[in-house]
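Here are the chains, one letter per residue:
Protein chains: 2
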Amino acid sequence: MIKLYFTPHTCSLASHIALEDAGAEYTTERISFSAEQQKSPAYVAINPKARVPAMVTERGVLTETPAMLAFIAQSFPQAKLAPLDDPFAFAEVQAFNSYLCSTVHISHAHRMRGYRWADEPSSFADMQRKVPQSVTAGFELIEHGMLKGPWVMGDSYTICDPYLFTLAQWLEGDGADLTRLPRVLDHRRRMSELPNVRKAVAVELART
Amino acid sequence: MIKLYFTPHTCSLASHIALEDAGAEYTTERISFSAEQQKSPAYVAINPKARVPAMVTERGVLTETPAMLAFIAQSFPQAKLAPLDDPFAFAEVQAFNSYLCSTVHISHAHRMRGYRWADEPSSFADMQRKVPQSVTAGFELIEHGMLKGPWVMGDSYTICDPYLFTLAQWLEGDGADLTRLPRVLDHRRRMSELPNVRKAVAVELART
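Sequences listed follow chains C and E, in order.
The first sequence begins at 1041 in my numbering and counts up one residue at a time.
The second sequence begins at 1041 in my numbering and counts up one residue at a time.
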């Protein structure tokens, strides 16, 4: 049995949706950022990074969304969530997810987590002013090529789709220029109507 | 035939070493940051992100180091560069590489690439002052648990090892507290003595 530690409105939603998509048996536990539960000794014993998501499996704990998504796809091959038998196509999936993790999510993180990389309030304000530009630019590469359509990888839904949907939740808060991202917004709307997505979102928001 | 676009002293070295480790047939082409070749129309046509690395394969272009490393491991299974038949062990490899990409490399990037996330010189100076602390903290999690020893994943050398070695090249420049990282430094020294590592490094530095 898998246990997913999540916090609403964070990237843990991607793995939550993927577990639904996989038909996995799993439980969830909410980590409250407002109560700083991610820094509690009990949680740090599970994830020394003091962040979400973390996923407890029978073999041990996994972290890092791209790795967790690939693990879910490989552990539940019948769900066909990634092209597992094609190293190049699998690498395209992974490259997309790595870009979300290390470029798009990082741009977003400068709105609220500037203290990771600087100390001065003036720097935090400067970072926050830049977020609309950097987040929009990050999504424009997706809009104009990486999102093949109708799903990220084309005709087949993969683990890229819940991850893109999750980060696209933050566009308005980040002040992104939505007029430049019609295909990303259409993908987000179609994702939001899927039963598995609605279920995962409802579970996360019901506990807040 | 694979072609790797690299720039000396960047994370492209990880894939370069892995291609050597895989016994792959490949060529390399140097992209000069000082000449801003990464922004040239010819290179942007290959990698719209205008960054290195990029790897041209018979099927198309791949980017993002974690995805490229997994692709190399999967494409050359006889080299045994990752536990390909064990989704959990493979996920541990990927989680390590994702952490390097999205946490350690990002901390480092605030020394020279602050313009990605801010605009003011005062912010860049603030970011640069923080780099020794954030990079040391990122490597301390590796020092105290993630690096199992003798190799990252324990007894077996994997695609994690060239990636850790590559980012550990930057420790002195980032002002990290080396006294806190003896196991990371020992790993770096042992890596630097491997013939494949020496060859990849020599090729990259010979062209500068």
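It is worth saying that the hints were derived from the structure and are not from the lab.
One or more of the hints may lead you astray.
Copies of the same chain look alike in the list, so a pair counts if it fits in one copy or across any two.
[To be verified] Derived DSBU-like pairs: lysine-lysine, alpha-carbon spacing no greater than 30 Å straight-line:
1. Lys1170 - Lys1120
2. Lys1079 - Lys1188
3. Lys1170 - Lys1079
4. Lys1079 - Lys1043
5. Lys1170 - Lys1089
6. Lys1239 - Lys1120
7. Lys1079 - Lys1120
8. Lys1089 - Lys1188
9. Lys1188 - Lys1043
Check your understanding: Taking 30 Å as the upper bound on the Cα-Cα distance, should Lys1079 and Lys1120 be classified as within, between, both, or neither?
Key -> Neither: 36 Å inside a copy, 37 Å across copies.
Exercise for review: Could you place Lys1089 and Lys1188 in one of the four classes (within, between, both, neither) given a Cα distance threshold of 30 Å?
Suggested key: For Lys1089 and Lys1188, only the inter-copy Cα distance (17 Å) is at most 30 Å; the intra-copy one is 34 Å.
**Study point:** Up to 30 Å CA-CA - Lys1089 versus Lys1170, copy category
**Key:** For Lys1170 and Lys1089, both the intra-copy (26 Å) and inter-copy (18 Å) Cα distances are at most 30 Å.
**Study point:** Copy assignment of Lys1188 with Lys1043, given that the CA separation must stay at most 30 Å
**Key:** between (32 Å within a copy, 24 Å between copies)
Exercise for review: Measure nothing new, just compare the shortest in-copy and cross-copy C-alpha distances for Lys1079 and Lys1043 to 30 Å and report within, between, both or neither.
Suggested key: Answer is within: at 18 Å inside a copy they meet the 30 Å cutoff, but 44 Å across does not.
**Study point:** Homo-oligomer pair classification [Lys1120, Lys1170; C-alpha up to 30 Å]
**Key:** neither (38 Å within a copy, 43 Å between copies)
Exercise for review: Indicate which option fits the pair Lys1079, Lys1188 if close means a Cα-Cα distance not exceeding 30 Å: within, between, both or neither.
Suggested key: Between copies, since 24 Å is at most 30 Å while 39 Å is not.
Check your understanding: Are the CA atoms of Lys1170 and Lys1079 at most 30 Å apart within a copy, between copies, both, or neither?
Key -> both (28 Å within a copy, 21 Å between copies)
**Study point:** Lys1239 and Lys1120: within-copy, between-copy, both or neither at 30 Å Cα
**Key:** Intra 20 Å, inter 40 Å, cutoff 30 Å: intra-copy only.
Consistency note: the structure conflicts with the earlier hints numbered 1, 7.
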